[in-house]
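The listed protein sequences derive, respectively, from chains A and B. For the first sequence, my numbering gives the first residue as 1, with consecutive numbering after it. For the second sequence, my numbering gives the first residue as 1001, with consecutive numbering after it.
Take the hints with a grain of salt, since some may be wrong.
[Unchecked claim] In silico SDA-like pairs for lysine to any residue, Cα to Cα no more than 20 Å straight-line:
#: 1; chain 1: B; residue 1: K1241; chain 2: A; residue 2: H392
#: 2; chain 1: A; residue 1: K37; chain 2: B; residue 2: D1124
#: 3; chain 1: A; residue 1: K448; chain 2: B; residue 2: E1249
#: 4; chain 1: B; residue 1: K1241; chain 2: A; residue 2: A223
#: 5; chain 1: B; residue 1: K1241; chain 2: A; residue 2: S358
#: 6; chain 1: A; residue 1: K448; chain 2: B; residue 2: A1116
#: 7; chain 1: B; residue 1: K1241; chain 2: A; residue 2: D326
#: 8; chain 1: B; residue 1: K1241; chain 2: A; residue 2: T189
#: 9; chain 1: B; residue 1: K1241; chain 2: A; residue 2: E312
What the hints contain is simulated information worked out from the structure, not anything from laboratory work.
Listed here are the chains, written in short residue letters.
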Amino acid sequence: MSPPKDNLYQRAGIDNEAEFYRTKFVSDEVLDGRYFKALDRFDIRFARTMWVYDNVRAGSSVLDLGCGAGMLALLKRKGVTLTGVDISDECVISARRNGYDATYQAKLSQLPFPDASFDYVVSLDVIGHIDFEEKDAVLAEVKRVLRPDGVTLHGIECTDHSARKNYDEMTPEELRRFVEIDGHVGLETEEEHAARFRRFFTNVAWEPRYALNLSSEEFLKQADQYGLPFEDDFLDYLRGLSHSERRAFDMAMGYVFNKISDLNLRLPKSGLYVFLKAADVSPGPFYNEHRDRSGLFSSDGLSEPASDAESEATCLDRNAQVTFDDGWYEPNVLPPIARWMNRVGRVRFRSTGLSEISLDLSTHMPNLADEPLGLELFLNGTRLCALSLYRHGWLELRVPVPETLDSTSGGEFELELRAERTWQPRPAKDESRDDRELSVAVCNIVVK
Amino acid sequence: MSEIIADEEVENILAEIRDRVRSQGLPSVSESTEDNEPSGHAPLAPRSLEQAPNPSANEVVAGIDSYLTVTSRAWDRLPPLVSNRSGSMARIELWVKRQIKRATHWFTWEQINFNAAAHHALRDTAEALNANQHALVAARAETEALGAETDTLRAEIESLRSETGAQRSLLQETQAAVKAQGVASKADFAQVRAQVNARQADDESQRAAQRNEMEARLGAITREMRDRIEHLQDEQRVCFKQLSLEATEASVLEDRARRHTEKVIEELRACLDQEKQ
């Protein structure tokens, strides 16, 4: 493929790349590793993140190239020093808010770091967004800031020249529509990507991925926007899935994705996506080189018994020992950062000497004044209180725990919230497909 | 003898002239102009301007001219000495007349001078009369012209008067129309005033309704703002609480890391001590 010489962003009518990517990646989603639910390691949405997670060494330094809103924030659970760089200032702020140790706004071909600064330089869904003219400069910068024994890991979108037109074959309108979807101005085949990396690194390994496993959302996007030929009845089935069904589908897909990695199965080329690992040192295994998932189940120090001073109050929101079941949706920045609950949500935690539970809760449910929302709070199956929300805004709830419950629990507790009803935030908006069944948003769950 | 007769004739002529002059003694111009009464002894005296247009005035002037031929004759030459006798009688007579002529020269000379003065006076008077006559003619012509102009003016005045009459009638009509319009306007005005009053009443009621609505909206906005502020304050409270909890967690982690580091250092120190021993 002969890459066109002019800027494809400009040809596609995108004048401000930073603003374009801000609209694509910045949202109210919380990617902060402290809020990561261990069960989500199977979610296909985090499959790329988990590949990187299992390939970086604990305590190393990692540069996230084109960090976006901070998709690699989970790496903090491995104790790495995580640095992000992006062309969008809002993405930089968002990544910093999601727990990156440092973030910088810069062009990827002019990284603001000294030579040999990082053990790993990682990018997910970035190389396919870099213009052909700039790609070599970016890879040169990657090599410069990477330590000599460092490894660079990339998840890259690909193309298949036999199935898709090259950029110089597209009409201006086709090009505009194609680039507008995701901003892909530098798609190449798996081999072309590998060849480009070989010009800079001695050892380059790559594996085509996502040939089998895609999220339900990605299936529909590839069919609707990129024109990939999936069966119509299958697509109709996917369109009809509810949020919880889509999550089940994505979990199953993610589980299989991880198993393919674990079994080191090589998939055929799909022209969709490639994992690429490059280094000047001899490469380790392509998958799970530094697999250690213990951090997903306990956060630093918090697994240790708290001292007397610390045991006065413990917040459960960011505690890895605490399990939020699937009645809770992923956290959102409302603000503050809170978890939306389905009709019933449970939180399992350990504690000694529990005397009080406090939490802040709110709801956006309409018609609250006419029809207050009834709530019940249970601890280990015993109802602690019942209340009705009749106005919007935040309610600070403090519930004393009977001594009998504390003494009979053996330090194991399950806090359960039950809402009388739920509502869907944007049920009529097809674009968002946000058909979550929401009741209340909860945060600052503190146990004493 | 013939010479005597001739002298007598001369005397008669002179006497006649003298009488005529005396009887026609010319009054001064000022007198004649001031006194308009005709003089019985001065039929040729100028008349007043009002009488000047009389057509007999030219004839009177012509008579004065004829008289002046006589007076001039009497003035510039004396009658010759003649006699109707013949022979010695005639010579004697002429001699006597010559003697008498010489003897009365002092008188005749005076008479001649008087005649000359009278002649000159008459001539000047005639000239003055002629001038007056011309002036009168000019004045008459001017008067006639003025009369014509006056007639024209009168005609114009008449036309103006008729026009004024027409305009007056038009004005009266207009006045009547205006008066009618005034009456109609007054009725309209009353109607408009009634409408305005009604509109004003409507406006008042609308304004009152709007005021009520605005107050209601203001109240609603105030409530909404209060709710929003309360919501924001709630949100801030929860956010600050979250930040506080995160800060506490960070300090706990830091404290644990410090203790862990101190513990490791202690262990290293213990190892070093053991190695030294």
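Tested hints:
1. For the proposed pair B:K1241 and A:H392, the alpha carbon gap of about 19 Å is at most 20 Å, so the pair holds.
2. Taking the CA atoms of A:K37 and B:D1124, the gap is near 156 Å; set against the 20 Å cutoff, the hint is violated.
3. For the proposed pair A:K448 and B:E1249, the alpha carbon gap of about 15 Å is at most 20 Å, so the pair holds.
4. For the given pair, B:K1241 sits about 45 Å from A:A223 by alpha-carbon distance, which is inconsistent with the 20 Å threshold.
5. The hinted pair formed by B:K1241 and A:S358 meets the criterion: a straight-line CA distance of about 12 Å does not exceed 20 Å.
6. With a C-alpha separation of about 171 Å, the suggested pairing of A:K448 with B:A1116 is violated against the 20 Å cut-off.
7. Pair hint B:K1241 plus A:D326 does not hold up; C-alpha atoms about 26 Å apart against a cutoff of 20 Å.
8. Of the pairs offered as hints, the one joining B:K1241 and A:T189 is violated, with about 50 Å between alpha carbons and a cut-off of 20 Å exceeded.
9. Of the supplied pair hints, the one linking B:K1241 and A:E312 holds, its CA atoms being roughly 16 Å apart against a limit of 20 Å.
Hints 2, 4, 6, 7, 8 from the earlier list are contradicted by this structure; the remaining hints agree with it.
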